[in-house]
Structure formats: C-alpha cells, structure tokens
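Residue numbers (my numbering), protein chains in the order written: chain A, 11 to 512; chain B, 11 to 512.
I should point out that these hints are in silico values taken from the structure, not numbers from a laboratory.
Predicted model, so just to flag it, every value in this text is computed and none were measured.
Just to be clear, a hint being listed does not mean it is correct.
Same chains, same names: a pair is fine if it fits in one copy or spans any two.
List time: in silico EDC-like cross-link candidates among lysine to aspartate or glutamate, alpha-carbon distance up to 16 Å [stated by the list, open to error]:
| # | residue 1 | residue 2 |
| --- | --- | --- |
| 1 | LYS246 | GLU208 |
| 2 | LYS133 | GLU216 |
| 3 | LYS267 | GLU280 |
| 4 | LYS246 | GLU216 |
| 5 | LYS133 | GLU208 |
| 6 | LYS246 | GLU206 |
| 7 | LYS93 | ASP103 |
| 8 | LYS444 | GLU92 |
| 9 | LYS133 | GLU92 |
| 10 | LYS495 | ASP426 |
| 11 | LYS246 | GLU481 |
| 12 | LYS413 | GLU468 |
| 13 | LYS415 | ASP77 |
| 14 | LYS387 | ASP77 |
| 15 | LYS495 | GLU53 |
| 16 | LYS510 | ASP103 |
| 17 | LYS229 | GLU216 |
Protein chains: 2
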Amino acid sequence: MASAILRNTVRAASRATRSFRPAPIAFNNTRMFASVAPFVKGEPEAPSIKTSEIPGPVAVEKIKALDEIFDTRALNMLCDYEKSLGNYLTDADGNSYLDVYAQIASIPVGYNNPHLLEAVQSKQCLNYLINRPALGNFPPIDWESILRTSVLSVAPPGLNQVFTALAGSDANETAYKAAFMYRRRIERGEGAEFTEAEMQSSMLNEAPGCPQMSIMSFKKAFHGRLFGSLSTTRSKPIHKLDIPAFDWPHASFPNLKYPLSEHEAENRAEEDRCLQETEHLIKTFHNPVAALVVEPVQSEGGDNHATPYFFQGLRDITARNNVLFIVDEVQTGVGATGKFWAHEHWNLSSPPDMVTFSKKAQSAGYYYTNPLLRPNKPYRQFNTWMGDPSRVLLFKAIIEEIKSKNLVENTRQTGDYLFNGLRELAKKYPEQVKNLRGEGQGTFIAWDTVNRDSFLKEMKYAGVNIGGSGETAVRLRPMLIFQQKHADILLNALESTWKKRS
Amino acid sequence: MASAILRNTVRAASRATRSFRPAPIAFNNTRMFASVAPFVKGEPEAPSIKTSEIPGPVAVEKIKALDEIFDTRALNMLCDYEKSLGNYLTDADGNSYLDVYAQIASIPVGYNNPHLLEAVQSKQCLNYLINRPALGNFPPIDWESILRTSVLSVAPPGLNQVFTALAGSDANETAYKAAFMYRRRIERGEGAEFTEAEMQSSMLNEAPGCPQMSIMSFKKAFHGRLFGSLSTTRSKPIHKLDIPAFDWPHASFPNLKYPLSEHEAENRAEEDRCLQETEHLIKTFHNPVAALVVEPVQSEGGDNHATPYFFQGLRDITARNNVLFIVDEVQTGVGATGKFWAHEHWNLSSPPDMVTFSKKAQSAGYYYTNPLLRPNKPYRQFNTWMGDPSRVLLFKAIIEEIKSKNLVENTRQTGDYLFNGLRELAKKYPEQVKNLRGEGQGTFIAWDTVNRDSFLKEMKYAGVNIGGSGETAVRLRPMLIFQQKHADILLNALESTWKKRS
Numbered sequence: 011m012a013s014a015i016l017r018n019t020v021r022a023a024s025r026a027t028r029s030f031r032p033a034p035i036a037f038n039n040t041r042m043f044a045s046v047a048p049f050v051k052g053e054p055e056a057p058s059i060k061t062s063e064i065p066g067p068v069a070v071e072k073i074k075a076l077d078e079i080f081d082t083r084a085l086n087m088l089c090d091y092e093k094s095l096g097n098y099l100t101d102a103d104g105n106s107y108l109d110v111y112a113q114i115a116s117i118p119v120g121y122n123n124p125h126l127l128e129a130v131q132s133k134q135c136l137n138y139l140i141n142r143p144a145l146g147n148f149p150p151i152d153w154e155s156i157l158r159t160s161v162l163s164v165a166p167p168g169l170n171q172v173f174t175a176l177a178g179s180d181a182n183e184t185a186y187k188a189a190f191m192y193r194r195r196i197e198r199g200e201g202a203e204f205t206e207a208e209m210q211s212s213m214l215n216e217a218p219g220c221p222q223m224s225i226m227s228f229k230k231a232f233h234g235r236l237f238g239s240l241s242t243t244r245s246k247p248i249h250k251l252d253i254p255a256f257d258w259p260h261a262s263f264p265n266l267k268y269p270l271s272e273h274e275a276e277n278r279a280e281e282d283r284c285l286q287e288t289e290h291l292i293k294t295f296h297n298p299v300a301a302l303v304v305e306p307v308q309s310e311g312g313d314n315h316a317t318p319y320f321f322q323g324l325r326d327i328t329a330r331n332n333v334l335f336i337v338d339e340v341q342t343g344v345g346a347t348g349k350f351w352a353h354e355h356w357n358l359s360s361p362p363d364m365v366t367f368s369k370k371a372q373s374a375g376y377y378y379t380n381p382l383l384r385p386n387k388p389y390r391q392f393n394t395w396m397g398d399p400s401r402v403l404l405f406k407a408i409i410e411e412i413k414s415k416n417l418v419e420n421t422r423q424t425g426d427y428l429f430n431g432l433r434e435l436a437k438k439y440p441e442q443v444k445n446l447r448g449e450g451q452g453t454f455i456a457w458d459t460v461n462r463d464s465f466l467k468e469m470k471y472a473g474v475n476i477g478g479s480g481e482t483a484v485r486l487r488p489m490l491i492f493q494q495k496h497a498d499i500l501l502n503a504l505e506s507t508w509k510k511r512s
Numbered sequence: 011m012a013s014a015i016l017r018n019t020v021r022a023a024s025r026a027t028r029s030f031r032p033a034p035i036a037f038n039n040t041r042m043f044a045s046v047a048p049f050v051k052g053e054p055e056a057p058s059i060k061t062s063e064i065p066g067p068v069a070v071e072k073i074k075a076l077d078e079i080f081d082t083r084a085l086n087m088l089c090d091y092e093k094s095l096g097n098y099l100t101d102a103d104g105n106s107y108l109d110v111y112a113q114i115a116s117i118p119v120g121y122n123n124p125h126l127l128e129a130v131q132s133k134q135c136l137n138y139l140i141n142r143p144a145l146g147n148f149p150p151i152d153w154e155s156i157l158r159t160s161v162l163s164v165a166p167p168g169l170n171q172v173f174t175a176l177a178g179s180d181a182n183e184t185a186y187k188a189a190f191m192y193r194r195r196i197e198r199g200e201g202a203e204f205t206e207a208e209m210q211s212s213m214l215n216e217a218p219g220c221p222q223m224s225i226m227s228f229k230k231a232f233h234g235r236l237f238g239s240l241s242t243t244r245s246k247p248i249h250k251l252d253i254p255a256f257d258w259p260h261a262s263f264p265n266l267k268y269p270l271s272e273h274e275a276e277n278r279a280e281e282d283r284c285l286q287e288t289e290h291l292i293k294t295f296h297n298p299v300a301a302l303v304v305e306p307v308q309s310e311g312g313d314n315h316a317t318p319y320f321f322q323g324l325r326d327i328t329a330r331n332n333v334l335f336i337v338d339e340v341q342t343g344v345g346a347t348g349k350f351w352a353h354e355h356w357n358l359s360s361p362p363d364m365v366t367f368s369k370k371a372q373s374a375g376y377y378y379t380n381p382l383l384r385p386n387k388p389y390r391q392f393n394t395w396m397g398d399p400s401r402v403l404l405f406k407a408i409i410e411e412i413k414s415k416n417l418v419e420n421t422r423q424t425g426d427y428l429f430n431g432l433r434e435l436a437k438k439y440p441e442q443v444k445n446l447r448g449e450g451q452g453t454f455i456a457w458d459t460v461n462r463d464s465f466l467k468e469m470k471y472a473g474v475n476i477g478g479s480g481e482t483a484v485r486l487r488p489m490l491i492f493q494q495k496h497a498d499i500l501l502n503a504l505e506s507t508w509k510k511r512s
C-alpha cells in the first residue's frame, strides 16, 4: 500500500513540477522577483523518492546499528550530506527531498555551498580549527578584525558589542548572566565592592551573593534546555519534566486570531491584556525581574506571532521598570523573516538591550551596547573557549553569501509569493490549513493541521522534508536560497498530499 | 629596567638549555624514556623573547582596538597562532613562549599539528563543517562509524555509550539532566507515565514536575559556569556572585598535606572525615541528591588532589545510597595525568555512572552504560545540534596522534621526570615551591607560591607561558607532546626566575 501511495505521489509530484501552478495569485510573478536565476548550480529540478518505504532498507539497517550507541528515538532521517545540494537533502537510500526544515532552521545558504567550502578551507579558518584559542585569555591577533567583518557587520541597529558563545542555549544563558550582574551593579551603585556577606553566601549558593532574582519569559516560549534557559522555556512538559527549575515568572503570550487583518480589534485587546499582565508581574513577582526575554515568533512553541504593537509595548514596559529587554533571535535571526533580524519589523522606541543569535549564524552569542553590561570586573563572564573563531569565520562567509546574492530580499519576496500561494490553497483545503500565519514575515510561515505528525510523514512521500512546532503547527523553515521554483514544488506537494487527505 | 631583566633572563635561559640539568635525579634519563626523538619537526629549540616589555608594542595597540568591541580585561596574551608550533606559542610581537598552559589545558597535541591539519581538510570533515547536522533528528549515515572510531574508541573502561555536547559546561549539565530523569524514573517505577500534576506543574517550574532535587559537589569544585553547572561550582566568589543558584549541597574536599607519602595517617583521617560528611549530606540534605559530581583533581579550585582511597569511598557511598557517580574529566581527561582518563588511577569497585569530557578532546559529552540513563521517552535529552561531527572527527585525529606517538606514556614518563626535577629544585627554593603535588599524575603538577600572579608574569620574561589555579597555585598543563627537553627548559626558567625572587 505504501508502495502504491509512493508511486502516485512521485508521479503526481513530477507531473506537478512541470504543469502545476497554484490557483490565482494576485501579482505578476516574473516582475516581482529581484532575481529568478537559480542560486545553486546543479541543484536537482525536483525531489526524487526511490524507495517504497521511508525510511528505506539501507536506513533501517543503519539506524538499528546506530541505536546501539546513540539514542535514535528522535531520529527523523538518516542523511547523506555529501550527496545533498542546495535546498535538497539526500537520505541514506538516495531519496532526495526538498528541505524546508533545514536542520531545525539552522542551514542558511544551502547544503554544500561552494563559498562556505572555500571559507573553511582558508588558511585562517583551518588555523583556528586546529589551534582553538581560549578567547578570553588568549585571543588571536585578528580577533578584532574577524568580529568586525562578521558578527558585528550585521549587528542589529543600535548594538555594537558582542559576547560570543557556542549555541543558542549558552548564548541565552550568558545573556541572562549579564542581566543579573548588571541589575546588581545598578542596585549596588557604581564602584561599590562586593560585601563580605555576598562573597561568603555566594559560595553557599545563597542570597545575598546568589540573589533570588529572575528572568521573565512567556507561555509557550522556548529559549533552550540547559538549566537557566530551560527555566525560561515553557513550550511542552516533555522539555521540562524531572528537571529542577528556578522560581521565575512567565506571562501570557498573545493568542491571536488569524488572519491578523480580519481580527484587529480583538487581537489588540488580547495584546493589551498580555502587556498588562506582563507589567503587573514585573511589578509584583516575589523574585525581582532582571530581564524579560522574548522570541519575535515563538518558534518551538507553535509559531505564535504577535504584532509590532505588542513588542513596542514590551520595550516600553521594560524600559520604565528598569528591566532589561532581551530578544531571542536564535531561530528568527539571519534573514528568515525577510529582515536580517526579525525585530527590525517592530520600530521600537529604543533598541533591545541584548539580542541573542545562533542556528543560521552557525556560531552564537549576544549583542549589546550598554558598557555597563560588561561586568564590573574581569572573569565574571568567562569560560574556556568563549566562542569559536572558526565558526565565526563561517558566519562571515554566510554573511558574504547573503549580501552578494541579496538573500534577505529573496526571502522576503519568495515568502510573499509562498504565502499568497498558501492562502489560495487554504481556501480549497480549509480543514488542512488552519490559522495560516507569517504574512510579511519572509518564509517564516506556519499553519495548524489535523494529525500533524502523520502529515509530516506523508509529506516525505511527496518529496518534502518539513517540520512541526508546538502541538498542531506545521512550520516552514526553508533556507535563504529558497526561490519561487522551490515554492511551486512545495505548493504542489502540499496540494497533492492534502488532496489525498480530503 | 624591564629591558635589563629581559636580557638577563633570555641570556640565562638560552645558556641554560645547553648546560643546565636539574640537580641529582634518581634515575637514568636516557633509559627511562620510551622515545627521545622530537615529536614536532621544526619546533624552536628554546623560547625567544624579543620585546623589552610584555605585552610588546604591537600587542598593546591591538588590544586597545580589540577592547572597543570585546572585553579584554581577562586577556593574558594576544596570540599569533599561525606562527605557533608544537609546544611553542607566539605572541603578537613575535615573542615565542614554551607553553605549559596550552589554552587552559585544551590543546592536546601541539599547535599546528600536521595530522590535525590533514584531518580537518578531509572531505568528510569539510562536509560536516559546512553541512552541520541537527544530530538528534538528522544524523549522518556515518555517525555510528564516526562515534565508534573516535569518542567510543577511548571510552573509559566499562562505559560504552555517549551523548555528545559542545563544551564542558553543557557536557556536565546534560549529564545532570540525565541523572535527574534517571532518578525520577526509578522512583516512579518502570513503565509509569507522567501524572497530570507533574505535567501541569512542570510548566510552572514547580514540583512535582520540576522536582526539588539536587546535584552534590565539593568545596572548591569547578564544573562550569552556566546555571546548573555553576550551582555545582564552588571555586571562587567571582565565579558565582550575582547569579541565582540552586539550593544544592556540597561537602568538604580533602585538604591533604604534601608530600602525600609523608602524611599518610593524617591524610587518611582527613579523607575519612570528608567521606563521612559526604554520606551524611546525601542521607540528610533536604533536596534529594540525584548525583554526586567530582573532578579527579580539582583543577580550577587550586589543583587539590585526593587519593584513590577517597574516590573508591565516593564510588561505594554513591552506590549504596542510589546516587549516581559522575566523574568530571573535562580538564583531567585525554592523557594529561599519564592515563587516558585520570579516574583509571583509582581501581574503583565499579565504573563511574557517567564521565564527562571536553577541552583536549576538542569536542565534549558524557559517557555512560546503563540503558536506563537514556530517558524513557525521546526528545527529553535533546537540542538542535547535540554536538558537532566535525569536532568529533578532530578528536578522532587527536586519538590517532596520541596512539601512534604513544603520548599518554610519554606524558607519564615526562611527568615523572619533571616532578623529580621540581622536587629537587624545591629543596633549593622552599619559599617558592610549597605543597608540590601531582606525583605519578603525569604532567598534571602544581605547587603553591607567594605573589602567584606576579610570578606568572615574571615567567613570561623567562619565555614560559604558565597558568595558575585557585588563589595561590601554579598549575602545569603542558600538551601531551611535552618531552624531557621541554621539561629541562621549564626547570631552567623556573630556577632563573626563583633565583631572582629569592
């Protein structure tokens, strides 16, 4: 039976790439696109599914062997990365998928990107791969120039400093640490030394040295899974069960109705309710709030959006309550929303105090500007490696690729095209596409569907690797090289799958 | 004046490498060494200090520029890694130092090691550098073989599984998470589902979902600086001040007298006292202890040693109290103590439950065996990258280099030679060398000294980059390619510096 499904699906898909265009789209495709030349030379024209079952026989055998030494229960696909190219991911059996999940939103400019390959083979990058510096103590002579030409060349407006890290979790946690040290510095007064009571109690994990302060986050937020970041994560019980957590507060995140344009009044009321709750909690929570952290789109928690009005409100509330405002751009950053940083959509009254990043940056860290966010003494924000220059050089190459190919603009335009196509299709399959969201947010698009996990598997047979978020959402996270032609393939695969489901 | 110091020092050092031998050593050098052939082709014969001030003029200028965007207050040396080779680290002004600190103990087989350079240029490694997989969902087809031929090929005796991570902090924190999930699994009973109360309370950071359980550590321990690991770190107030911490217990670590062989009875009594305190705390602490974590040598906290008897006691106490025993080998692992893993010195009654690693492995993670340490459901121990195959491939090359050059044995032998030399010198400079320790522990050697931080700077003028730990210790952390000739240079530099101080 699976075999029959497969044959139909593949046939439908390959027919579709030639003939299918999603029903009426309200603009002229060819005029709209800044560039229609393909970004990736030699990329497949369409997905190609060769095995009747997914995973195929080679994968099944290899997964079994791998499971002896590595937990494979979350395994989605065993991949052949050497054979993957551009937007296409190849599995162990040689099936080739259009990849709109991109390693959980972390591949920026395509598999086997030649510019990235060149970058990691540069003398400079090889040097830092084999001679990894302890950056805090022994930074390299070109560290300033590396930072300025990479991470800092795309710093969010108004921010000009960076603390580098290794992944999203430690980027967030080091930002939280900076927030706590800042808050106590302000409370203590500039130049004040630590008291003997603080020094002694800190060694006992007790106040006043280790104060009972907090980082505030939102319902359904995801900020990582180490102990501090997990205390701000509120996505799902499975992420949190059995792990001790700090007594930190969280407010409601707006539960908006889509399409946003049709529910403006009630959505505004909902955002006001959440803003009021946020400020009330900041003013009253028993463990003083040093910082508020928020994602521009709650990405693991189900692709929950809010409007610029809400985020402007958060900026203003935090400013007037002396709470730092941290924007977690680990998943939204580096172009996917049609701006380099998603919070650039907001027009804030002042920049966020810190912005964290990772994933598509292939490095990690937090941006800031306020000099008081450098702790009052050295060695307070410190660890052995403090980042990785080879990964920062990779980010530099990614930025070069993004700029030379105008990929943020591509993502904005392709996202609009894709969103329009989805909106049209949604009219035909209203049971399959609920709460379509992400309009004007590049390719950062999602919707809710029934039997979501089964749907994600069905899409594999249609040649598409696609991910979910939250309990019911399908999330699109294509790379920045995702173009109109890829959007067409995706739309066709979605329609063929929905047709079978309906 | 500094210039005069410099000229004397450098002259003394270069004279010394030719003529100086540390006073009577109780064994035959030439017979003792498995290999006296140099490991590094083209390595300098001796340090070379060219500037009258350290840092020199080039460094001073560059550090100032770097400080505009990156906190440089912990900066020890601005380094030219391309010009560094083997045991020698070059700074921005071209000064070349014998490096016995090795990027805070994290460089295993020398700067610009040709085998490592070859490894990172392999097709396989380049592939994973530019196509970084989300390992939990999308592992590569060769992930099993990569793990088996690298990390698992040097697994500590009795351990055969690995969870990979990015650095020491997250290696420890994921091990702690595994311990908490294990403990609750045992308490719940196999096959039991999470209760509704657990699920709901977990989203509020409250018990029973987020239980008030603990990880126990020791006074002066260092296990990292993220929120969970920092709660087990008890090294110095500056590491902990202003950061909220969990209410977790810590016991006294033995405060031994050196040399160990001359204080056996009182040291045994001290270790018994600490063991009793440990067991008492485990039985009585208000937040139940899921795991005990310990370093084989407390490395950041001052190079505090204990005897195998103490660690055997910890293994037995944890076993009989159903507490997991985690050995943190982040700094001690990968050969530096003359065994691949330092805990192999102990002859435990059963292997540790988990062993964490990073630094010289250039990758990170924790080893384990018990299948119940894989959480009962998928996605409980998970993050986007879950390690880094390119770094694991680098570890593979490091292991190959260690095996082909017999570097663990080299370190054992060189360590013995160095320790004997230091013991003799200590008799001449008793004020400079107190509590010499690390006998039989490879090159993992330390001592206490007066005005330690000033001593570390003075050693730079003698051409040696050397580190401290705790408040008063000098710690030696040379690479595994540190040979007798390097030990001689180090001993000479130490003596010339001590002579000036005395």
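Inset, instruction - Since the copies are identical, ignore which copy is meant and state whether LYS246 and GLU206 lie within 16 Å (CA to CA) inside a copy, between copies, both or neither. - result: For LYS246 and GLU206, the Cα distance is within 16 Å only across copies (13 Å; inside one copy 41 Å).
Inset, instruction - Could you place LYS229 and GLU216 in one of the four classes (within, between, both, neither) given a Cα distance threshold of 16 Å? - result: between (28 Å within a copy, 15 Å between copies)
Legend entry - Copy assignment of LYS387 with ASP77, given that the CA separation must stay at most 16 Å: Classified as between; 14 Å across copies, 47 Å inside a copy.
Legend entry - LYS510 and ASP103: within-copy, between-copy, both or neither at 16 Å Cα: Neither way: LYS510 and ASP103 sit 25 Å apart in one copy and 69 Å across, limit 16 Å.
Legend entry - Up to 16 Å CA-CA - GLU280 versus LYS267, copy category: within (10 Å within a copy, 66 Å between copies)
Inset, instruction - Go through the copies and call it for LYS246 and GLU208: within, between, both or neither, with a Cα cutoff of 16 Å. - result: Classified as between; 12 Å across copies, 36 Å inside a copy.
Legend entry - Copy assignment of LYS495 with GLU53, given that the CA separation must stay at most 16 Å: Classified as within; 12 Å inside a copy, 55 Å across copies.
Inset, instruction - Please work out whether the CA atoms of LYS133 and GLU216 approach to 16 Å or closer within one copy, between two copies, in both situations, or in neither? - result: neither (48 Å within a copy, 51 Å between copies)
Inset, instruction - State whether the alpha carbon distance between LYS246 and GLU216 is at most 16 Å within one copy, between copies, both, or neither. - result: Between. Shortest inter-copy distance 14 Å satisfies the 16 Å Cα cut-off; intra-copy 30 Å does not.
Inset, instruction - Pop the pair LYS415 and ASP77 into one bin, within, between, both or neither, using alpha-carbon distances up to 16 Å. - result: neither (41 Å within a copy, 33 Å between copies)
Inset, instruction - Pop the pair LYS133 and GLU208 into one bin, within, between, both or neither, using alpha-carbon distances up to 16 Å. - result: Answer is neither; intra-copy 48 Å and inter-copy 53 Å both fail.
Inset, instruction - Can you give me the call for LYS444 and GLU92, within, between, both or neither, at a CA distance of at most 16 Å? - result: For LYS444 and GLU92, neither the intra-copy (37 Å) nor the inter-copy (56 Å) Cα distance is at most 16 Å.
Of the hints listed earlier, those the structure fails to meet are numbers 2, 5, 8, 12, 13, 16, in rising order.
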